[in-house]
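Novice: Residue-level listing of the chains:
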Amino acid sequence: MVWSDITTENIDPGDVLARVGRPGDGAVAFFAGVVRNENQGRPVSGMEYEGYDEMAGKELAAIVGEAAERAGGGRVAAVHRLGRLAVGEVSVAIAVSAPHRAEAFDAARYVIEEIKKRLPVWKREHYLDRDAEWLEGHLPAAEAK
Amino acid sequence: MVWSDITTENIDPGDVLARVGRPGDGAVAFFAGVVRNENQGRPVSGMEYEGYDEMAGKELAAIVGEAAERAGGGRVAAVHRLGRLAVGEVSVAIAVSAPHRAEAFDAARYVIEEIKKRLPVWKREHYLDRDAEWLEGHLPAAEAK
Amino acid sequence: MDVTVLLFAAHRELAGGKANTVVTLPERSTVDGLLAELRARGGGWASLPRRAAVAVNRSYANGDTVLSEGDEVALIPPVAGG
Amino acid sequence: MDVTVLLFAAHRELAGGKANTVVTLPERSTVDGLLAELRARGGGWASLPRRAAVAVNRSYANGDTVLSEGDEVALIPPVAGG
Numbered sequence: 001m002v003w004s005d006i007t008t009e010n011i012d013p014g015d016v017l018a019r020v021g022r023p024g025d026g027a028v029a030f031f032a033g034v035v036r037n038e039n040q041g042r043p044v045s046g047m048e049y050e051g052y053d054e055m056a057g058k059e060l061a062a063i064v065g066e067a068a069e070r071a072g073g074g075r076v077a078a079v080h081r082l083g084r085l086a087v088g089e090v091s092v093a094i095a096v097s098a099p100h101r102a103e104a105f106d107a108a109r110y111v112i113e114e115i116k117k118r119l120p121v122w123k124r125e126h127y128l129d130r131d132a133e134w135l136e137g138h139l140p141a142a143e144a145k
Numbered sequence: 001m002v003w004s005d006i007t008t009e010n011i012d013p014g015d016v017l018a019r020v021g022r023p024g025d026g027a028v029a030f031f032a033g034v035v036r037n038e039n040q041g042r043p044v045s046g047m048e049y050e051g052y053d054e055m056a057g058k059e060l061a062a063i064v065g066e067a068a069e070r071a072g073g074g075r076v077a078a079v080h081r082l083g084r085l086a087v088g089e090v091s092v093a094i095a096v097s098a099p100h101r102a103e104a105f106d107a108a109r110y111v112i113e114e115i116k117k118r119l120p121v122w123k124r125e126h127y128l129d130r131d132a133e134w135l136e137g138h139l140p141a142a143e144a145k
Numbered sequence: 001m002d003v004t005v006l007l008f009a010a011h012r013e014l015a016g017g018k019a020n021t022v023v024t025l026p027e028r029s030t031v032d033g034l035l036a037e038l039r040a041r042g043g044g045w046a047s048l049p050r051r052a053a054v055a056v057n058r059s060y061a062n063g064d065t066v067l068s069e070g071d072e073v074a075l076i077p078p079v080a081g082g
Numbered sequence: 001m002d003v004t005v006l007l008f009a010a011h012r013e014l015a016g017g018k019a020n021t022v023v024t025l026p027e028r029s030t031v032d033g034l035l036a037e038l039r040a041r042g043g044g045w046a047s048l049p050r051r052a053a054v055a056v057n058r059s060y061a062n063g064d065t066v067l068s069e070g071d072e073v074a075l076i077p078p079v080a081g082g
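Residue numbers (this note's numbering), protein chains in the order written: chain A, 1 to 145; chain B, 1 to 145; chain C, 1 to 82; chain D, 1 to 82.
Since the hints were derived computationally from the structure, they do not count as laboratory data. Some hints here could point you the wrong way.
[To be verified] The list that follows gives simulated cross-link-like pairs (lysine to aspartate or glutamate, DMTMM-like), each with its CA atoms no further than 25 Å apart: (1) Lys18/D <-> Glu133/B; (2) Lys58/A <-> Glu38/A; (3) Lys58/A <-> Asp131/A; (4) Lys116/B <-> Glu89/B; (5) Lys58/A <-> Glu72/C; (6) Lys58/A <-> Asp64/C; (7) Lys18/D <-> Glu48/B; (8) Lys116/B <-> Asp12/B; (9) Lys117/A <-> Glu133/A; (10) Lys58/A <-> Asp71/C; (11) Lys58/B <-> Glu48/B; (12) Lys116/A <-> Glu69/A; (13) Lys117/A <-> Asp32/C; (14) Lys117/B <-> Glu89/B; (15) Lys18/C <-> Glu136/A; (16) Lys116/A <-> Asp106/B; (17) Lys116/B <-> Asp106/A; (18) Lys117/A <-> Asp64/C; (19) Lys58/B <-> Glu72/D; (20) Lys116/A <-> Glu48/A; (21) Lys117/B <-> Asp2/D; (22) Lys117/A <-> Glu13/C; (23) Lys18/C <-> Asp106/A; (24) Lys117/B <-> Glu38/B; (25) Lys58/B <-> Asp64/D; (26) Lys116/B <-> Glu54/B; (27) Lys116/A <-> Glu72/C; (28) Lys117/A <-> Asp106/B; (29) Lys58/B <-> Asp71/D; (30) Lys117/A <-> Glu69/C; (31) Lys117/B <-> Glu136/B; (32) Lys18/D <-> Glu89/B; (33) Lys58/A <-> Glu9/A; (34) Lys58/A <-> Glu37/C; (35) Lys18/C <-> Glu48/A; (36) Lys18/D <-> Glu54/B; (37) Lys117/B <-> Glu54/A; (38) Lys18/C <-> Glu69/A; (39) Lys18/D <-> Asp32/D.
This one's a predicted model, so the numbers in the text were calculated from it and none came from an experiment.
Sequences and hints are given; from them, build the entire structure.
Specialist: Written out as structure tokens, the structure reads:
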């Protein structure tokens, strides 16, 4: 079982956790990314996430499918939020259940690392003391010259 | 901030998650151990956790303190349940928040690995098709001859 | 043939705020050919980063990927999700 | 001097179901001395696993830890929490 979504709604970690788990699974791993109140010493007032919506949905689905396979057929759920988020709000949440803990941790970690590498999403940090800025990101591996 | 508990009550992952997180933390990692419905092919009806209660509380507190230090002063919460648990019930839950994801994952992983190595807790698996059995465990490092 | 070019985030600002634009290209143009064409427009387009990932019809593609009429070509700035 | 020995899980069953027992030992006995004394009792005690961790007053201790009057000595079977 895999589930993924790109949303502009508030993310509830409990809802994401509730999507995984089955009688043969002994381990549940979860990760959430949260908007911080500072970045490299600059006070932050919020974060604006822009996405290439349709491709982001397809790419996130591919990532959770790969993660489920790595977790030996474990259950994987992931959701990424777009739009303007306040400090403390959840931007991404990932839940994995698997028979054993190593698989669950590895799959959850895989999903967040792949999101950072390949999900077509960008973020613009809003500061208390200066203008907003697009943050430096990772160039996806498939690269035109 | 650290929090830990040994309990005979049902564990609610949302309660444990709610104990971590602060404005400077961008990452939340969570792990839950769940009673499986089988072990090495044998159908399991439940698990009975016995603990050396007072020492388990002290040892779990030490583990979460070590984890918080590893996570650069991150917040760490962990709870272990004792008593008779049904399949699907949560035996242990760990939540960590930290500025960045590597620290949060590492600290959560540290807590569960140390629990398995040193928490004075034992489990007796109850089977559908035969008598219950104490499971093989790990000998804590400080060892008498 | 015509392809639709999508721009996002910092790229969009470089190109004067446009989110997408239709570009007419010779048949069998490649992704690299399209990028050269865009940069040749000058202005903000000239400063489109030399390093850019490209997705054709919502899948990552290479510079030598051949384009077809109606393709949706997205220039993907370095991604920063999570 | 008297120390209280706590037994858990499989150990408790080896020792006839007793969760704790008071043992009288010579002054300055060690943890290893206590274990030898227990095994010498025969019956289930004789089969207490050769490899056992020991906690004295709720902290892990070594075989050569010296015991004192009133100590709480727990024999810790291989642990299996989580």
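Novice: Look at each hint and say if it fits the structure.
Specialist: Hints versus structure:
1. At most 25 Å may separate the alpha-carbon atoms for a hinted pair to count; Lys18/D and Glu133/B meet this at roughly 18 Å.
2. Taking the CA atoms of Lys58/A and Glu38/A, the gap is near 31 Å; set against the 25 Å cutoff, the hint is violated.
3. In summary, the hint linking Lys58/A to Asp131/A is not supported, as the alpha carbons are separated by about 32 Å, beyond the 25 Å threshold.
4. Distance check on the hinted pair: Lys116/B and Glu89/B sit about 18 Å apart at the alpha-carbon level, within 25 Å; holds.
5. Taken as a hint, the Lys58/A and Glu72/C pair is honoured in the structure, with Cα atoms around 15 Å apart against an allowance of 25 Å.
6. Among the hinted pairs, Lys58/A with Asp64/C is consistent with the structure: their alpha-carbon atoms are about 23 Å apart, no more than 25 Å.
7. Between Lys18/D and Glu48/B the alpha-carbon distance is near 18 Å, which keeps this suggested pair within the 25 Å criterion.
8. Of the pairs offered as hints, the one joining Lys116/B and Asp12/B holds, with about 21 Å between alpha carbons and a cut-off of 25 Å not exceeded.
9. With a C-alpha separation of about 20 Å, the suggested pairing of Lys117/A with Glu133/A holds against the 25 Å cut-off.
10. Distance restraint check for Lys58/A and Asp71/C: the Cα-Cα separation of roughly 17 Å lies within the 25 Å cut-off, and the hinted pair is therefore satisfied.
11. At roughly 21 Å between alpha-carbon atoms, Lys58/B and Glu48/B fall within 25 Å of each other, so this suggested pair holds.
12. Taking the CA atoms of Lys116/A and Glu69/A, the gap is near 19 Å; set against the 25 Å cutoff, the hint holds.
13. A distance of roughly 22 Å separates the Cα atoms of Lys117/A and Asp32/C; the hinted pair therefore holds under the 25 Å criterion.
14. Pair hint Lys117/B plus Glu89/B holds up; C-alpha atoms about 22 Å apart against a cutoff of 25 Å.
15. Straight-line distance between C-alpha atoms of Lys18/C and Glu136/A comes to about 21 Å, which keeps the hinted pair within the 25 Å bound.
16. For the given pair, Lys116/A sits about 18 Å from Asp106/B by alpha-carbon distance, which is consistent with the 25 Å threshold.
17. For the suggested pair Lys116/B and Asp106/A, the alpha carbons sit about 18 Å apart, so the restraint of at most 25 Å is met.
18. This hinted pair checks out: Lys117/A and Asp64/C have alpha carbons roughly 22 Å apart, not beyond 25 Å.
19. Taking the CA atoms of Lys58/B and Glu72/D, the gap is about 15 Å. The hint holds against a cut of 25 Å.
20. Restraint check for Lys116/A and Glu48/A: the C-alpha separation of about 16 Å stays at or below 25 Å, so the hint holds.
21. Distance restraint check for Lys117/B and Asp2/D: the Cα-Cα separation of roughly 30 Å exceeds the 25 Å cut-off, and the hinted pair is therefore not satisfied.
22. Taking the CA atoms of Lys117/A and Glu13/C, the gap is near 22 Å; set against the 25 Å cutoff, the hint holds.
23. Straight-line distance between C-alpha atoms of Lys18/C and Asp106/A comes to about 40 Å, which puts the hinted pair past the 25 Å bound.
24. Only pairs whose Cα atoms come within 25 Å are accepted, and Lys117/B paired with Glu38/B is accepted, the gap being roughly 23 Å.
25. Distance check on the hinted pair: Lys58/B and Asp64/D sit about 23 Å apart at the alpha-carbon level, within 25 Å; holds.
26. A hinted pair counts as satisfied when its Cα atoms are at most 25 Å apart, and Lys116/B with Glu54/B qualifies at roughly 17 Å.
27. Restraint check: the Cα-Cα separation between Lys116/A and Glu72/C comes to about 23 Å, which is no more than 25 Å; the hinted pair holds.
28. A distance of roughly 20 Å separates the Cα atoms of Lys117/A and Asp106/B; the hinted pair therefore holds under the 25 Å criterion.
29. For the proposed pair Lys58/B and Asp71/D, the alpha carbon gap of about 17 Å is at most 25 Å, so the pair holds.
30. At roughly 29 Å between alpha-carbon atoms, Lys117/A and Glu69/C are farther apart than 25 Å, so this suggested pair is violated.
31. As the CA atoms of Lys117/B and Glu136/B are separated by approximately 12 Å, the hinted pair is consistent with the 25 Å bound.
32. Distance hint between Lys18/D and Glu89/B is unfulfilled; the C-alpha atoms sit about 29 Å from each other, more than 25 Å.
33. Between Lys58/A and Glu9/A the CA atoms are separated by roughly 19 Å; this keeps the pair inside 25 Å, and the hint holds.
34. With a CA separation close to 29 Å, the supplied pair Lys58/A and Glu37/C exceeds the 25 Å bound.
35. For the hint pairing Lys18/C with Glu48/A, the CA-to-CA distance comes to about 18 Å; that is within 25 Å, so the pair holds.
36. With a C-alpha separation of about 18 Å, the suggested pair Lys18/D and Glu54/B falls inside the 25 Å cut-off, and the hint holds.
37. Between Lys117/B and Glu54/A the alpha-carbon distance is near 46 Å, which puts this suggested pair outside the 25 Å criterion.
38. Proximity of Lys18/C to Glu69/A is assessed by CA-CA distance (about 40 Å); at most 25 Å being required, the pair is judged violated.
39. A distance of roughly 20 Å separates the Cα atoms of Lys18/D and Asp32/D; the hinted pair therefore holds under the 25 Å criterion.
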